[in-house]
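> Chain residues, written in single-letter form:
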Amino acid sequence: MSIEAAATTLAPAKATAPERLVHPLWVRVTHWINALAVLMMIGSGWQIYDASPLFDFTFPRQIALGNWLAGALLWHFAAMWLLVVNGVVYFTFGILTGRFRARFFPIRPRDLARDFLAALRGKLSHEDLTVYNAIQKLLYLGVLLAGIVIVLSGLSIWKPVQFWWLTAFFGGYNTARYVHFAAMSSIVAFLAVHVVLAFIVPKSLRAMILGR
Amino acid sequence: MRRRRKHPSGVDPDLLIRDAAKLLRPPSRRLFLRGIASVGALATLTGCDIIDGDTSENALRVISRFNDWVQARLFNPHTLAPTYSESDVTRPFPFNGFYDEDEAPVIDGDKYRFEVGGLVDNKKPWTVADLYKLPEVSQITRMVCVEGWSVIGSWQGVRLSDFLKIVGADTTAKYVWFQCAEGYSNTIDMPTALHPQTQMALKFDHKVLPTIYGYPLRIRIPTKLGFKNPKYVTAMWVQNNDAGGYWENQGYNWFSGL
Numbered sequence: 001m002s003i004e005a006a007a008t009t010l011a012p013a014k015a016t017a018p019e020r021l022v023h024p025l026w027v028r029v030t031h032w033i034n035a036l037a038v039l040m041m042i043g044s045g046w047q048i049y050d051a052s053p054l055f056d057f058t059f060p061r062q063i064a065l066g067n068w069l070a071g072a073l074l075w076h077f078a079a080m081w082l083l084v085v086n087g088v089v090y091f092t093f094g095i096l097t098g099r100f101r102a103r104f105f106p107i108r109p110r111d112l113a114r115d116f117l118a119a120l121r122g123k124l125s126h127e128d129l130t131v132y133n134a135i136q137k138l139l140y141l142g143v144l145l146a147g148i149v150i151v152l153s154g155l156s157i158w159k160p161v162q163f164w165w166l167t168a169f170f171g172g173y174n175t176a177r178y179v180h181f182a183a184m185s186s187i188v189a190f191l192a193v194h195v196v197l198a199f200i201v202p203k204s205l206r207a208m209i210l211g212r
Numbered sequence: 213m214r215r216r217r218k219h220p221s222g223v224d225p226d227l228l229i230r231d232a233a234k235l236l237r238p239p240s241r242r243l244f245l246r247g248i249a250s251v252g253a254l255a256t257l258t259g260c261d262i263i264d265g266d267t268s269e270n271a272l273r274v275i276s277r278f279n280d281w282v283q284a285r286l287f288n289p290h291t292l293a294p295t296y297s298e299s300d301v302t303r304p305f306p307f308n309g310f311y312d313e314d315e316a317p318v319i320d321g322d323k324y325r326f327e328v329g330g331l332v333d334n335k336k337p338w339t340v341a342d343l344y345k346l347p348e349v350s351q352i353t354r355m356v357c358v359e360g361w362s363v364i365g366s367w368q369g370v371r372l373s374d375f376l377k378i379v380g381a382d383t384t385a386k387y388v389w390f391q392c393a394e395g396y397s398n399t400i401d402m403p404t405a406l407h408p409q410t411q412m413a414l415k416f417d418h419k420v421l422p423t424i425y426g427y428p429l430r431i432r433i434p435t436k437l438g439f440k441n442p443k444y445v446t447a448m449w450v451q452n453n454d455a456g457g458y459w460e461n462q463g464y465n466w467f468s469g470l
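Protein sequences appear in the order of chains A and B.
One point on numbering: in this note's numbering, the residue at position 62 of the first sequence is 62, and numbering is uninterrupted.
The number in this note's numbering is simply the position in the second sequence, starting from 1, with 212 added.
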């Protein structure tokens, strides 16, 4: 018997349990605006990277945004406003409503170990969408941290004179470029898992659109 | 530096095509596109040529102008670019331009005259010898290319703010426009022109500027991206209208502050 079914049996008043609101409107709106902004930032970022690659590879033009360097820069420095303004709204709501605390904490090492093993066996539960397992908590917090790092390291590359102290914090201009790239890589890795899981558990996708 | 070829350097085939396309396009269509250009309108359009093409770039340039405004406010006239030591200087220091190194303009120092115009009291042209007599300052700063790479160089020359004083420039004017021997140009904002590190560089590494670094005169601005550091400068105009610039006119951000 599933947890939801059990809940229905034990508490008839909660007969509509599966219909509970999983994601309030502000989460859904900021999520999809963020998705759009992140795609524009990554796509244009790849094109910018190609102008002066840090490693022995470039991104294919077909998957990069902006067509040429100036175009990519225009996209990047426009989408950054969407990313940052939306991100500030998200963090403000997340902290003030207590949702961050309720959803992402606590992360106990024991739960992590248990859920990690379950994940390896492909048995990690996504039954109750309102409760995140320890792996989810860790990954969501991790990608939020990567988001903060990518914005700050980006700012340090954009303004290495006005914000020289921030650039110095990231190890200087050249190192900051690698930090920015590493943060992008970890976000892309997160997205790969995130998007696959959204399709494996379609009700989670539904919940992010309809709220329940 | 091995990674200087893509932009801005050489003749880019994309650029040629873009320029050609611009010539072919009927003006009415451009006006129409300008009229509807907005990110909101973009969302309703589909197709790669629209996402990647001039339509979106025109819309995005509106935000780029907003970013100019933001950057002008972020610019602190008292914040200095970090300076480095002699041992940090990138050697060999790379050539970079929209043409190849062997196409760099070779200027005859004897015939060269630096013209000064616009809102200035003294419009007397300057010879190389006159320029060398001006008080010299030195800086070792990082030059950041719009492509992402950066190099550290050592430049000597006269502070642009000192020179503006000498020629009696109206420093309440909004812009300073530079024209170069090979057709390159830049316009910069007056606050940046008056920044203590903005320099009329006459030497590199304590030696007269070699041709590839912009002989006889380059404007060195460590608070701006490399393409806002014009070489082979032949004229300077103090004025209130924005005369644009070579890369700026093609879509690179105008302020391009660091």
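It is worth saying that the hints were derived from the structure and are not from the lab.
On a predicted model such as this, the values are computed, not experimentally measured, just so you know.
One or more hints might be untrue.
Chain A side only, calculated, beta carbon under 7 angstroms to chain B, not exhaustive [as the list claims (entries may be wrong)]:
no., residue
1, Leu74
2, Ala78
3, Phe91
4, Val161
5, Gln162
6, Trp164
A few chain A residues that don't get close to chain B, going by computed Cβ distances all over 10 angstroms [stated by the list, open to error]:
no., residue
7, His31
8, Ser52
9, Arg108
10, Leu112
11, Ala118
12, Val151
13, Tyr173
14, Asn174
15, Val179
16, Val188
17, Leu205
All residues carry an ideal CB built from backbone N, CA and C; glycine is no exception.
> Against this structure, judge whether each hint is valid.
Hints, one by one, checked against the model:
With a least beta-carbon distance of about 4 angstroms to chain B, the hint placing Leu74(A) at the interface is held under the 7 angstroms criterion. The interface hint given for Ala78(A) is met, as the beta carbon of that residue sits about 4 angstroms from the closest beta carbon of chain B, less than 7 angstroms. Restraint check, Phe91(A) versus chain B: the minimum CB separation of about 21 angstroms is more than 7 angstroms; hint violated. The interface hint given for Val161(A) is met, as the beta carbon of that residue sits about 4 angstroms from the closest beta carbon of chain B, less than 7 angstroms.
Taking 7 angstroms as the C-beta contact cut-off toward chain B, the hint placing Gln162(A) at the interface holds, the least distance being around 5 angstroms. Annotation: interface hint on Trp164(A) holds; nearest CB of chain B at approximately 5 angstroms, less than 7 angstroms. At roughly 17 angstroms, the least C-beta separation between His31(A) and chain B is larger than 10 angstroms, which holds for a residue marked as non-interface. Distance to chain B contradicts Ser52(A) as a non-interface residue, since its nearest Cβ pair spans about 4 angstroms, not more than 10 angstroms.
At roughly 42 angstroms from the closest C-beta of chain B, the C-beta of Arg108(A) stays outside 10 angstroms, upholding its exclusion from the interface. Once the 10 angstroms rule is applied to beta carbons, Leu112(A) is consistent with being away from chain B; the minimum gap is 38 angstroms. The beta carbon of Ala118(A) sits about 41 angstroms from the closest Cβ of chain B, which is more than 10 angstroms, so the claim that it is off the interface holds. For Val151(A), the shortest C-beta to C-beta distance to chain B comes to about 15 angstroms, beyond the 10 angstroms cut-off, and the non-interface label holds.
The beta carbon of Tyr173(A) is not kept farther than 10 angstroms from every beta carbon of chain B, the shortest such distance being approximately 6 angstroms. Annotated as non-interface, Asn174(A) brings its C-beta within 10 angstroms of a C-beta of chain B; the closest such distance is 7 angstroms. Distance to chain B confirms Val179(A) as a non-interface residue, since its nearest Cβ pair spans about 13 angstroms, more than 10 angstroms. Taking the minimum C-beta to C-beta distance to chain B, about 19 angstroms, the non-interface status of Val188(A) holds against the 10 angstroms cut.
With a minimum CB-CB distance of about 21 angstroms to chain B, Leu205(A) clears the 10 angstroms threshold, and the non-interface call stands.
When held up to the earlier numbered hints, the structure conflicts with 3, 8, 13, 14 and fits the remainder.
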